[in-house]
Structures are given as C-alpha cells and as structure tokens.
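> What follows is each chain in one-letter form.
Number of protein chains: 2
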Amino acid sequence: MAMATVNNGVNVQALLDAREALKGAPEAAKFTWRASCKWQNGTHSTTDVQSFFGLGQEQRHKTGTSFDADHPEIFASEDKGITPVEYVLVGLASCLTAGIAAVAQNRGIQLRSVESTVEGKMDIRGILGIDSDVRNGYDDVKVTFKIDGDASKKELEALVAQSQKRSAVYDVITNPVNVIVEVV
Amino acid sequence: MAMATVNNGVNVQALLDAREALKGAPEAAKFTWRASCKWQNGTHSTTDVQSFFGLGQEQRHKTGTSFDADHPEIFASEDKGITPVEYVLVGLASCLTAGIAAVAQNRGIQLRSVESTVEGKMDIRGILGIDSDVRNGYDDVKVTFKIDGDASKKELEALVAQSQKRSAVYDVITNPVNVIVEVV
Numbered sequence: 001m002a003m004a005t006v007n008n009g010v011n012v013q014a015l016l017d018a019r020e021a022l023k024g025a026p027e028a029a030k031f032t033w034r035a036s037c038k039w040q041n042g043t044h045s046t047t048d049v050q051s052f053f054g055l056g057q058e059q060r061h062k063t064g065t066s067f068d069a070d071h072p073e074i075f076a077s078e079d080k081g082i083t084p085v086e087y088v089l090v091g092l093a094s095c096l097t098a099g100i101a102a103v104a105q106n107r108g109i110q111l112r113s114v115e116s117t118v119e120g121k122m123d124i125r126g127i128l129g130i131d132s133d134v135r136n137g138y139d140d141v142k143v144t145f146k147i148d149g150d151a152s153k154k155e156l157e158a159l160v161a162q163s164q165k166r167s168a169v170y171d172v173i174t175n176p177v178n179v180i181v182e183v184v
Numbered sequence: 001m002a003m004a005t006v007n008n009g010v011n012v013q014a015l016l017d018a019r020e021a022l023k024g025a026p027e028a029a030k031f032t033w034r035a036s037c038k039w040q041n042g043t044h045s046t047t048d049v050q051s052f053f054g055l056g057q058e059q060r061h062k063t064g065t066s067f068d069a070d071h072p073e074i075f076a077s078e079d080k081g082i083t084p085v086e087y088v089l090v091g092l093a094s095c096l097t098a099g100i101a102a103v104a105q106n107r108g109i110q111l112r113s114v115e116s117t118v119e120g121k122m123d124i125r126g127i128l129g130i131d132s133d134v135r136n137g138y139d140d141v142k143v144t145f146k147i148d149g150d151a152s153k154k155e156l157e158a159l160v161a162q163s164q165k166r167s168a169v170y171d172v173i174t175n176p177v178n179v180i181v182e183v184v
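Sequence lines, in order, name chains A and B. Mapping to my numbering: the first sequence position 148 is 148, numbers consecutive. Mapping to my numbering: the second sequence position 37 is 37, numbers consecutive.
One should not assume that every hint holds.
[Said to hold, decoys possible] Straight-line Cα separation of at most 27 Å, DSSO-like style, residue types lysine-lysine; simulated pairs: (1) A:LYS62 <-> B:LYS30; (2) B:LYS30 <-> A:LYS153; (3) B:LYS121 <-> B:LYS146; (4) B:LYS23 <-> A:LYS38; (5) A:LYS62 <-> B:LYS23; (6) B:LYS165 <-> A:LYS142; (7) A:LYS80 <-> B:LYS38; (8) A:LYS154 <-> B:LYS23; (9) A:LYS142 <-> B:LYS38; (10) B:LYS121 <-> A:LYS153; (11) B:LYS153 <-> A:LYS142; (12) B:LYS121 <-> A:LYS38; (13) A:LYS80 <-> B:LYS80; (14) A:LYS80 <-> B:LYS154; (15) B:LYS165 <-> A:LYS62; (16) B:LYS30 <-> A:LYS142; (17) B:LYS146 <-> A:LYS121; (18) B:LYS23 <-> B:LYS165; (19) A:LYS165 <-> B:LYS23; (20) A:LYS38 <-> B:LYS146; (21) B:LYS153 <-> A:LYS121; (22) B:LYS142 <-> A:LYS146; (23) B:LYS153 <-> A:LYS146; (24) A:LYS23 <-> B:LYS121; (25) A:LYS38 <-> A:LYS23.
Don't read these hints as lab results, they were simulated from the structure.
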C-alpha cells in the first residue's frame with residue numbers, strides 16, 4: 001500500500017492536528033450552524049446560509065448561498081425549488097460521501113469514484129392529517145453506494161461503515177434531536 | 001375575518017381535495033423522494049435532485065437542481081458548498097415556513113412576512129472522534145420565527161405549532177428514522 005501516492009484531496013493531517021488541538025480546548029469545538037429563511041409566497045421560501053460560529057469565533061463561508069424550497073405541482077404548488085424533505089437527503093448523501101473520502105485518505109485507499117442514490121419513503125397521509133398513525137416524515141431511508149477505489153469490497157464497506165459512525169447528518173436523522181421553535 | 005380576500009398563495013382547496021381523494025387511495029399516498037450524489041474531490045460532492053415517485057407514478061420537478069456540499073476552510077477543505085449539516089437546517093426552516101403559509105391560508109389569516117433563523121449547536125469533538133460521549137450531530141436546534149400577519153400573537157403562535165405538528169422535516173429531526181446504507 002503506497003500511502004504517499006494516495007490522494008483523495010482530503011488533508012487528513014490537518015484533521016488529525018485539529019483533533020489533537022481540540023482535545024485540550026473543548027470550548028473551541030462548540031459550533032453553531034445557521035440558516036435564515038424568508039417566506040416568498042405560497043409554499044415557496046428562500047433560505048440563506050453564510051455565517052457560522054466555531055473555533056471560538058464567527059466564521060463565514062467564502063460565499064453566501066441561497067436555496068429555494070417549494071412543494072411540487074402535484075401538491076398545487078409552483079415547484080420553485082426542491083421540497084424540504086429532499087434537502088435532508090442532500091445533507092445525508094453529502095455527509096456520508098465526505099466521510100468516505102476522509103476515511104479513505106486516512107486508510108491509504110485511493111478512490112476513483114463514489115456515487116450514491118438516496119431514497120426516502122414517506123406516506124403523505126401523515127402530513128395531510130388523514131391518519132394519525134402515519135408519521136409525517138420518512139418511514140425509511142436507503143442509501144446505496146457504488147464505489148470504485150483501490151481496495152477490496154470488504155475494505156470499501158468498512159469505509160462506508162466508518163463514515164456512518166462519524167456522520168453528523170446520519171446521527172441527526174437516525175437519533176432524536178431536541179428542536180425548539182419559537183415566535184418572537 | 002374576510003376569508004375570501006386572504007391570499008397567501010396556497011391552494012388550500014386543492015390540498016383538502018387531495019386529502020379526501022387519498023383517504024380512499026392509500027397506495028397513492030406512498031411517496032419516494034430521491035437524490036443522487038457524486039463525489040468530486042476531497043470533501044466536495046454534488047447532489048442532483050429531480051425525480052420522485054408519488055400518486056402511483058414517476059414524477060419530476062420542473063427542473064433538476066444540483067447542490068454542492070463541502071467542508072469549510074477551517075477544516076482544511078475548499079468550502080465549495082455549504083456543509084451537509086447546514087442542508088438539514090435549510091430543510092427544517094423551509095418545511096416549517098411552507099406549513100405556516102398553508103395553515104394560515106386554511107385559517108383565513110393573511111400573512112405579510114415570515115422570517116426565521118435556525119441555529120444548530122454541534123460539538124465537533126463527536127465527528128472528530130475525540131470523545132465518545134459527544135454525539136456527532138446536533139445537540140440542539142432552535143428555530144426563531146418573526147411573523148407579520150393579520151392575527152394576534154397567540155394566533156400566530158398557534159399557526160407555528162400546527163405547522164410543527166404536520167412538518168415532515170421536524171419529524172425526521174426530532175424522531176428516529178431507520179436508515180439503511182449499503183454498498184453495491
């Protein structure tokens with residue numbers, strides 16, 4: 001295994017250094033991620049993301065990004081953006097994928113491609129209030145990875161398993177998170 | 001309350017009709033939302049969203065959308081998109097906002113503006129594997145709404161509460177979802 005030539009574009013050394021540094025500085029590890037949402041019309045909204053807090057101070061993404069969300073036309077909406085529940089799938093797929101690249105780098109595995117499809121099954125009788133036994137959100141989510149890299153099937157599966165084990169979005173979806181909603 | 005003049009851009013009648021129709025057709029209420037993710041380099045990926053399944057057949061958004069996700073520069077990444085955990089906040093804010101507009105329309109409340117900020121607190125010692133007692137995902141998420149509409153503070157709070165009660169993304173975040181990850 002020629003680790004020196006493996007390059008998945010992840011600076012693992014910086015992450016290992018950060019881990020060492022944050023061991024002695026738990027306050028710096030406290031992050032706050034943010035988004036600001038504005039209702040446009042109907043079910044259409046735009047949400048802006050740029051600033052966050054971490055390493056003890058305010059931080060900013062290089063650029064601010066604005067995301068349109070809406071309901072599709074079959075719900076009598078204008079489909080001016082993807083649905084809110086689809087944004088959750090974007091977060092899950094991208095979180096696991098970033099983790100796979102980072103773990104592969106750490107394990108000296110060269111990746112050539114990582115593709116995935118995510119499917120979330122939802123019975124909309126929940127959100128329509130038809131049946132109180134039907135939940136509003138996803139019943140099941142399935143992520144299917146197709147990975148091409150210099151490793152055995154077993155090693156690739158182990159990469160994915162380790163990524164799951166450390167994935168923030170996987171945790172948020174599979175375990176309960178305390179959410180407080182207030183009106184000021 | 002002049003309900004006829006209230007227009008938040010939500011076709012509530014169509015939603016009520018859909019509710020009636022789906023009461024007798026539970027199969028049509030089974031939706032599958034999808035996303036396809038491709039690793040680019042490092043922690044950068046792009047996720048495409050366009051097709052979904054519902055009302056018994058394949059459906060498509062009017063346009064396909066591609067979403068970049070990455071880690072920020074302070075994690076030694078290139079910040080080519082927002083982080084995966086921020087996508088979850090986009091989904092939560094937009095889901096609650098769409099619900100508020102729909103419920104307001106149904107209750108004859110004219111909205112003028114609905115703005116919110118979402119903040120998710122996360123201790124990154126979890127994802128870095130520093131402390132196994134620290135979770136990977138959000139410890140707490142707080143959504144703060146500022147609403148201008150033709151209703152009392154109490155009525156506006158009730159709108160938000162009803163939106164929460166029927167929000168798919170709020171459910172996904174606050175309650176466990178079964179997620180299966182596999183490699184093919």
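> Under the criterion that the straight-line Cα-Cα distance not exceed 27 Å, is the pair LYS23 of chain B, LYS38 of chain A satisfied?
33 Å, violated
> Hint check: LYS153 of chain B vs LYS121 of chain A, CA-CA at most 27 Å. Holds or violated?
36 Å, violated
> Is LYS165 of chain B within 27 Å of LYS142 of chain A, Cα to Cα?
25 Å, holds
> Are the Cα positions of LYS23 of chain A and LYS121 of chain B separated by 27 Å at most?
Cα-Cα ~18 Å, so holds.
> When you check the alpha-carbon spacing of LYS80 of chain A and LYS38 of chain B, does it fall within 27 Å?
24 Å, holds
> Below or equal to 27 Å on CA atoms is what counts here, so check LYS62 of chain A against LYS23 of chain B.
48 Å, violated
> Given the hint that LYS121 of chain B pairs with LYS38 of chain A, does the C-alpha gap stay at or below 27 Å?
21 Å, holds
> Does the structure keep LYS23 of chain B and LYS165 of chain B at a Cα separation of 27 Å or less?
19 Å, holds
> For LYS38 of chain A and LYS146 of chain B, compute the direct alpha-carbon distance and say whether it is at most 27 Å.
Roughly 10 Å between the alpha carbons, so the hint for LYS38 of chain A and LYS146 of chain B holds.
> Would the pair LYS30 of chain B and LYS142 of chain A pass a check requiring their Cα atoms to be no farther apart than 27 Å?
Judged against 27 Å, a Cα distance of about 15 Å means the pair holds.
> What's the verdict on LYS153 of chain B and LYS146 of chain A, does the C-alpha distance respect the 27 Å limit or exceed it?
Roughly 51 Å between the alpha carbons, so the hint for LYS153 of chain B and LYS146 of chain A is violated.
> Holds or violated: are the alpha carbons of LYS62 of chain A and LYS30 of chain B at most 27 Å from each other?
Not OK: LYS62 of chain A and LYS30 of chain B at ~40 Å, beyond 27 Å, violated.
This entry does not satisfy hints 1, 2, 4, 5, 8, 10, 11, 14, 15, 17, 19, 21, 22, 23, 25, going by the numbered hints stated previously.
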